[in-house]
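*Asks:* Chain by chain, the residues run as shown.
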Amino acid sequence: AQSVTQLDSHVSVSEGTPVLLRCNYSSSYSPSLFWYVQHPNKGLQLLLKYTSAATLVKGINGFEAEFKKSETSFHLTKPSAHMSDAAEYFCVVGQYSSASKIIFGSGTRLSIRP
Amino acid sequence: NAGVTQTPKFQVLKTGQSMTLQCAQDMNHEYMSWYRQDPGMGLRLIHYSVGAGITDQGEVPNGYNVSRSTTEDFPLRLLSAAPSQTSVYFCASSTQGVVNSPLHFGNGTRLTVT
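Same order as they appear, the protein sequences are chains A and B. The numbering of the first sequence is the numbering used here, which starts it at 1 and goes up by one. The numbering of the second sequence is the numbering used here, which starts it at 1001 and goes up by one.
Don't take each hint at face value.
[Said to hold, decoys possible] Quick look at which bits of chain A chain B covers, simulated, 3 or more residues with Cβ under 8 Å: (1) 40-47; (2) 50-60; (3) 85-95.
If you're looking for bench data, these hints aren't it; they were derived computationally from the structure. Beta carbons: idealized from backbone N, C-alpha and C, even for Gly.
Construct the entire structure; sequences and hints are all you get.
*Replies:* The structure is reproduced here in C-alpha cells:
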C-alpha cells in the first residue's frame, strides 16, 4: 500500500528567504513522486517528478526536491521565495505496480510575507 | 493550446437534481480522470479511463457515473445530487497512466448542492 503525508498544512515565509515544504511517503515498491502547485482558482500544474533517475530533482520556477529513501522523504525546497510562489502545493506518490492510481497529499498552503 | 477544458466553471444544484460535468482534451491522451477536491483532503479519485470504451472506479465513485466514447471526452454525471457532493471537481489527463507521465489538469468546476 502507498500513502503520503504532508507535514505542514500551512507554511509562511518572508520574501527572499528559503522555502521548505515537507513530504513523507510510504510505498511497498519503488515509488514515483511528484510535486504539483495550485494557484488560486486554477488547476494543478506539475512542478517536478522523481522517477529513480537522480535523487535531486530540479523543477520549474527554481524549485527542487531531494528523494531520501532512508528517511522516506521528498521535501520541496527553494532558496529564495518570491511573492508569486504563494499557492497550494501537493506531494503525490505513485508506484509502478499499480499503473493507474496515485495518491495525493492533503496539501500545504504557502504564504509569502512582503 | 486548449489542453484540458472543463465546463461549466460554476454550478448550483438542488438536492436530487442530476447534471453532467463536461471534460475535453485535445492532446490525444489515453488516460483521463476525475478528482474532487475538498478542504484539507487533497484530491480524491472518482473515476478514471485508460482509453476509449474503458472506465474504472477510483476511491470515491458512489453517486457518479462516467463514460468514454471518444478519446477526447470524459463526462462526469451526477445521478441525484446530494449536499455531500458540494466540492471542486477537476478533470485531468495524461499520455500513459499517471505513474510515468504527469497529469494535465483543467481549471475545475465549483459545484454547490443546496
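*Asks:* So, for every hint listed, does it hold in this structure?
*Replies:* Results of checking the hints against the structure:
For the segment 40-47 of chain A, the proposed coverage by chain B is satisfied: 6 residues have a C-beta within less than 8 Å of a C-beta in that chain, meeting the threshold of three. Requiring three or more residues with a Cβ within less than 8 Å of a Cβ of chain B, the coverage given for the segment 50-60 of chain A is violated, as only 1 such residues are present. Beta-carbon proximity to chain B at under 8 Å applies to 3 residues in the segment 85-95 of chain A; the threshold of 3 is reached and the given coverage holds.
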